[in-house]
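Those protein sequences? They're chains L and E, same order as listed.
The opening residue of the first sequence carries number 10 in this note's numbering; numbering runs sequentially from there.
The opening residue of the second sequence carries number 18 in this note's numbering; numbering runs sequentially from there.
Hints are computed from structural coordinates only; laboratory data are not their basis.
Possibly wrong hints are sitting among the right ones.
[Said to hold, decoys possible] Pair by pair, the computed Cβ-Cβ distance ranges are: (1) L:GLY137 - E:ASP272: 50 to 58 Å; (2) E:ARG225 - L:PRO49: 30 to 38 Å; (3) E:ALA70 - L:LEU38: 34 to 42 Å; (4) L:ARG133 - E:LEU127: 36 to 44 Å; (5) L:LEU164 - E:ARG225: 37 to 45 Å; (6) E:PRO215 - L:GLY19: 28 to 36 Å; (7) E:LEU211 - L:ALA121: 52 to 60 Å; (8) E:ARG44 - L:ALA226: 44 to 52 Å; (9) L:MET71 - E:LEU93: 53 to 61 Å; (10) E:ARG89 - L:PHE148: 25 to 33 Å; (11) L:ILE186 - E:VAL53: 40 to 48 Å.
Here a beta-carbon is modelled for each residue, glycine too, at the ideal position from N, C-alpha and C.
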Amino acid sequence: MTLYVLRRLGQTIAMLWGLTIIVFALLQLAPGGPEEYLVPNNLTDPGQKQRIIHQLGLDQPMLTQYWHWLTEIVRGDFGTAYSYGQPVLKVIASRLAPTLELQVVVILLSIAVAIPIGVIAAVRRYSGVDHVVTTASLFGLSMPNFWFALLLILLFSVKLQWLPAYGNGSGLLLGSIPYFVLPTLVLGLALVPWYARFMRASMIETLQQDHIRTARAQGISERRIVFRQALKPSILPVLTIVGLSLPLLVCGSVIVESIFAWPGLGRLAYDSIVRQDFPLVMGLAVLTGGFVMLANLVVDLLYTVIDPRVVYG
Amino acid sequence: MSEPVLAGPLVAESPPQVSARRRAVQRFVGNRLALVSAIYIGVLAVVAALATAIAPYDYAAQDITKALQPPRSGHLLGTDEFGRDVLSRMIAGSRVSLTVGVLSVLLVLLVGVTIGLVAGYLRRWDGPLMRVVDIFMSIPDFMLLLLLIALFGSGSWKIVIFIGLSAWMSTARLVRGQVLRLREMEFVMASECLGARPGRVMRKDLLRNVLDVIMVQATLSISLVILLESGLSYLGLGAQPPTPSWGNMLAEGRDFLSQAWWIATFPGLAIFCTVMAFNFVGDGIRDALDVRM
Numbered sequence: 010m011t012l013y014v015l016r017r018l019g020q021t022i023a024m025l026w027g028l029t030i031i032v033f034a035l036l037q038l039a040p041g042g043p044e045e046y047l048v049p050n051n052l053t054d055p056g057q058k059q060r061i062i063h064q065l066g067l068d069q070p071m072l073t074q075y076w077h078w079l080t081e082i083v084r085g086d087f088g089t090a091y092s093y094g095q096p097v098l099k100v101i102a103s104r105l106a107p108t109l110e111l112q113v114v115v116i117l118l119s120i121a122v123a124i125p126i127g128v129i130a131a132v133r134r135y136s137g138v139d140h141v142v143t144t145a146s147l148f149g150l151s152m153p154n155f156w157f158a159l160l161l162i163l164l165f166s167v168k169l170q171w172l173p174a175y176g177n178g179s180g181l182l183l184g185s186i187p188y189f190v191l192p193t194l195v196l197g198l199a200l201v202p203w204y205a206r207f208m209r210a211s212m213i214e215t216l217q218q219d220h221i222r223t224a225r226a227q228g229i230s231e232r233r234i235v236f237r238q239a240l241k242p243s244i245l246p247v248l249t250i251v252g253l254s255l256p257l258l259v260c261g262s263v264i265v266e267s268i269f270a271w272p273g274l275g276r277l278a279y280d281s282i283v284r285q286d287f288p289l290v291m292g293l294a295v296l297t298g299g300f301v302m303l304a305n306l307v308v309d310l311l312y313t314v315i316d317p318r319v320v321y322g
Numbered sequence: 018m019s020e021p022v023l024a025g026p027l028v029a030e031s032p033p034q035v036s037a038r039r040r041a042v043q044r045f046v047g048n049r050l051a052l053v054s055a056i057y058i059g060v061l062a063v064v065a066a067l068a069t070a071i072a073p074y075d076y077a078a079q080d081i082t083k084a085l086q087p088p089r090s091g092h093l094l095g096t097d098e099f100g101r102d103v104l105s106r107m108i109a110g111s112r113v114s115l116t117v118g119v120l121s122v123l124l125v126l127l128v129g130v131t132i133g134l135v136a137g138y139l140r141r142w143d144g145p146l147m148r149v150v151d152i153f154m155s156i157p158d159f160m161l162l163l164l165l166i167a168l169f170g171s172g173s174w175k176i177v178i179f180i181g182l183s184a185w186m187s188t189a190r191l192v193r194g195q196v197l198r199l200r201e202m203e204f205v206m207a208s209e210c211l212g213a214r215p216g217r218v219m220r221k222d223l224l225r226n227v228l229d230v231i232m233v234q235a236t237l238s239i240s241l242v243i244l245l246e247s248g249l250s251y252l253g254l255g256a257q258p259p260t261p262s263w264g265n266m267l268a269e270g271r272d273f274l275s276q277a278w279w280i281a282t283f284p285g286l287a288i289f290c291t292v293m294a295f296n297f298v299g300d301g302i303r304d305a306l307d308v309r310m
């Protein structure tokens, strides 16, 4: 177990390193080279530009540059987000909480909704309920989230005036709940069908296994079989899917956070592109990628805790 | 005497020789949702191909005197804030969505299938290639797209390449998984024993047997790519005005939602229907070919 954890940790670090190589290579390949992107373009004094190029080490050979950049990253210094005039890390840290709050709410609610749906569809396989669930989930997966968001805003914010259309109601505590409703609905619309499909498939597979047949042969009621024996092993694969959906939520929230003016990472990513703030864009790519890698590591390790049968060599 | 009596009906009732392909097509046609969706996509493709020839107006022609007119006989889907015909713009927009969708997926297939085949068949490459897949998979799709757009700029053609570069991973994984199973089968071993080189085995034996899976994956991927493209266009990072795309039309209509619902609603509906159609067709092909993904 310790060996597995160590190996998995080593893999994650190697992948993080690979990620920095990809981002760095892309920057080198971009037209104009790094100085086009990393030096603020609103400088009028050419001397100042030269000074910044020297300061950032952009006049050094490529490998030296990469090494410099890498060591800075390891030290937690992603450079300065010049459209904010603050260190990249500080800007990103200030936007982390709203995104995480929203994501945690969305993921937990989606799981809570998807698991019963998946179980019902699996238990009543090929019934009317199952067909409705399957078709409805295709509806959800096909809905462009930005359009769904606009329709919700039109109905609940403009026409009915029940819910706020933008912001996250920061500092309002309980009062901020209405702000979560619409973004959660929009993000959940894509997640619930996804989770429910996996839950259904996983449940169907579990229900075909020998220990379930044995339980049936013993005359245990179907309800008890589903809830006591089949539910737990079926939820495990869904956990992996939840891990896989973490990047989806960070990316999905670029659109959703932009629409609802949610002050999180997604909106920051969008703003950083519009403002052409490249240190920020690169920092976000490395950090969100790293975040997802770590999250996957945690999910993998959780797996061994929840299911003792899973042993990694 | 009984012999010829028995032989007659037996011969007549022996099942007609139908190829697996043909049976798959029959199953697909029997799936009403998939069939209707396929017809919808066909019609849409024709519309997109003819575009300017069948559009009632020039999609860029402005007529301020006719701005924000609701749908009626002259302008079936109404006009936008510049008096441009929404239907004509949607027809022009279908071109962007379909071309970007199909071309991106072709690129996705080219990259994903090649990497999947190599990783699945050549053990030496499996580890390194799959780590690269893992790295790319950990960058949120959208973040990678945004990074590429930030560094290399935007526009429909670039979007095709960017999406191709940021969405090939699941295809690679899928193909690799299939190849891992196939490479242990006798026909592959037979090929190897006959002295076929790895390149030939991959092209002739393995690729041919993963085509079904690839077809399903490709159809389902188109729907994802259309969503991605329209999302980017909605944010103003995809197809650039004045080129109309369903995504940027929706964005333009956003500000007129309460006074002119039709500007944003019809493009939204078009994206929704098209994505769903590709999903239904993909599911239909999967069921018809009985593919396990």
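Taking the hints in turn, this is what the structure says about them:
Range check, GLY137 (chain L) to ASP272 (chain E): Cβ separation about 42 Å, and the 50 to 58 Å hint is violated. For ARG225 (chain E) and PRO49 (chain L), the hinted distance range of 30 to 38 Å is not satisfied, since their beta carbons lie about 55 Å from each other. Between ALA70 (chain E) and LEU38 (chain L) the beta carbon distance is about 40 Å. The supplied range of 34 to 42 Å therefore holds. Roughly 42 Å separates the CB atoms of ARG133 (chain L) and LEU127 (chain E), a value that falls within the hinted 36 to 44 Å.
Checked against the hint of 37 to 45 Å, the C-beta distance between LEU164 (chain L) and ARG225 (chain E) comes to roughly 51 Å, which is inconsistent with it. Distance hint check for PRO215 (chain E) and GLY19 (chain L): the Cβ-Cβ separation is about 30 Å, which falls inside the suggested range of 28 to 36 Å. Checked against the hint of 52 to 60 Å, the pair LEU211 (chain E) and ALA121 (chain L) passes, with Cβ atoms roughly 57 Å apart. Between ARG44 (chain E) and ALA226 (chain L) the C-beta distance comes to about 35 Å, which lies outside the given range of 44 to 52 Å.
In this structure the hint that MET71 (chain L) and LEU93 (chain E) lie 53 to 61 Å apart at CB holds, the actual value being about 57 Å. A hinted range of 25 to 33 Å for the beta carbons of ARG89 (chain E) and PHE148 (chain L) is consistent with their spacing of about 30 Å. Remark: the range hint 40 to 48 Å for ILE186 (chain L) to VAL53 (chain E) is upheld by a beta-carbon distance near 42 Å.
Of the numbered hints listed earlier, those contradicted by the structure are 1, 2, 5 and 8.
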